[in-house]
Structures are given as C-alpha cells and as structure tokens.
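Participant: Each chain, written out:
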Amino acid sequence: DTAVSQTPKYLVTQMGNDKSIKCEQNLGHDTMYWYKQDSKKFLKIMFSYNNKELIINETVPNRFSPKSPDKAHLNLHINSLELGDSAVYFCASSYQETQYFGPGTRLLVL
Amino acid sequence: DQQVKQNSPSLSVQEGRISILNCDYTNSMFDYFLWYKKYPAEGPTFLISISSIKDKNEDGRFTVFLNKSAKHLSLHIVPSQPGDSAVYFCAASGAGGTSYGKLTFGQGTILTVHP
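Here the protein sequences line up with chains A and B, keeping their order.
For the first sequence, the tail end lands on 161 under the numbering used here, and the numbers increase by one without skipping.
For the second sequence, the tail end lands on 143 under the numbering used here, and the numbers increase by one without skipping.
Treat the hints as calculated values from the structure; they're not laboratory data.
Keep in mind that a hint or two might mislead.
Derived list of chain A stretches under chain B, where covered just means 3 residues or more per stretch with a C-beta under 8 Å from a C-beta of chain B [what the hints assert, rightly or not]:
(1) 89 to 96
(2) 115 to 124
(3) 145 to 152
Cβ coordinates follow ideal geometry from the N, Cα and C atoms, glycine included.
Based on the provided sequences and hints, a complete structural model is requested.
Facilitator: As structure tokens, then:
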C-alpha cells in the first residue's frame with residue numbers, strides 16, 4: 052500500500068553519465084514534485100507538475116529534465132552528471148496544500 | 029536568503045516531558061505551515077499543519093501554535109516518547125502567484141527523547 056514510491060533507492064554512477072529516477076504515487080493526487088536535499092540537509096524544490104503540466108521550475112540546470120507520462124508518475128532524468136549532483140532526491144505528491152513524500156533516492160556521483 | 033529558519037539544530041528531552049520545536053519565517057505572504065518528521069534513510073512524513081487564519085491546531089500529542097505578528101510557529105509534543113526521536117522540519121507555503129504548491133523548508137531540528 053505504498054503511497055509515493057521511488058526507484059532506485061540508491062544510485063552510484065560516474066561523472067558524465069545520464070541517469071533517471073522514477074516516481075509513482077497511488078494517492079490519486081494531481082500534483083507531483085521533485086525536491087533535492089543537499090549536503091547541508093536543506094530540502095529545496097526543483098520542479099512541480101500538475102496533471103502532467105509543469106508549474107514550478109526552480110532555477111535548476113537544464114541537465115535536469117522532469118517527465119510526467121501521466122498524473123501518477125513524475126520521472127527525473129539527469130544528463131551529464133556532475134559531482135555536485137550528489138544528494139538525496141525526494142519525490143512528493145500533494146492533496147490541497149499537504150505534500151506526501153517518497154523515501155528518497157540517494158545519488159552519489161564519483 | 030533563508031525564508032524559513034529553525035535556529036535550534038538539536039533538542040534533547042526526557043521521556044514524558046514536553047518537547048517544543050521552534051520555527052521563524054520572514055515572508056509575510058506565507059499562509060500555510062506544516063511540520064514534517066524524518067527518520068534516517070526515509071522521506072519526510074507529514075505531522076501537522078496550520079492555516080494562517082488560525083493560531084492553534086491540535087492533533088493528539090502534537091499541537092502547533094502560530095504567532096503571525098512575530099512570524100513564529102512552534103510544535104509542542106506532549107508527552108514526548110523515545111519514538112519521537114527524529115529530525116523535525118518546519119515548512120511554509122502560499123507565497124502567492126507561481127509559488128503555489130512550493131514548500132519552503134527550514135533546516136531541521138534533531139529531537140532526541142531519552143528514556
């Protein structure tokens with residue numbers, strides 16, 4: 052009965068590679084988000100989608116491209132990975148103003 | 029520019045006593061506030077929220093107080109239990125316009141409840 056799920060949970064890769072993180076929610080929510088938690092533990096929003104339409108894009112390098120095939124999925128594709136991309140990435144979905152988070156994907160770029 | 033601040037990085041409390049976690053914000057456009065709890069290697073879990081039209085919201089052992097004039101909110105946990113030990117994040121939303129749905133988080137407070 053997982054509400055918001057992400058795969059993979061851990062991702063270790065080399066600089067310059069391209070990788071994707073998948074997110075799915077079974078809560079029936081219309082809005083989904085990607086957040087990044089950096090080494091200082093701050094959680095910062097990257098993107099949000101409402102019914103497959105991009106509504107928030109927070110000064111994120113264009114190497115990051117979200118894709119929403121349907122309102123239950125919001126995937127994050129990252130091109131040409133850099134060392135500074137190492138972080139924990141959280142997906143979330145929302146009902147009204149409350150957001151519900153996935154377990155996170157721990158990305159380590161070597 | 030940190031619009032939501034949790035100035036106490038950590039808090040240690042005895043089991044059964046009250047835990048008070050504090051949060052300050054600077055953006056007067058925020059109109060909805062949330063507290064999340066996070067265990068290691070898990071995602072943040074929604075705990076309790078409050079709209080700016082209220083000054084208090086209670087749910088079981090958890091109560092959130094909002095002081096709009098001071099731009100301050102606090103989370104009270106009473107009685108505290110060892111299972112409450114986690115990182116607590118304060119978050120705010122509603123700064124209008126295209127910011128709808130965007131949560132701005134504080135940096136978190138590590139709560140440790142000792143048996």
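Participant: Check each numbered hint against the structure and report the violated ones by number, ascending.
Facilitator: Of the numbered hints, just 2 does not hold.
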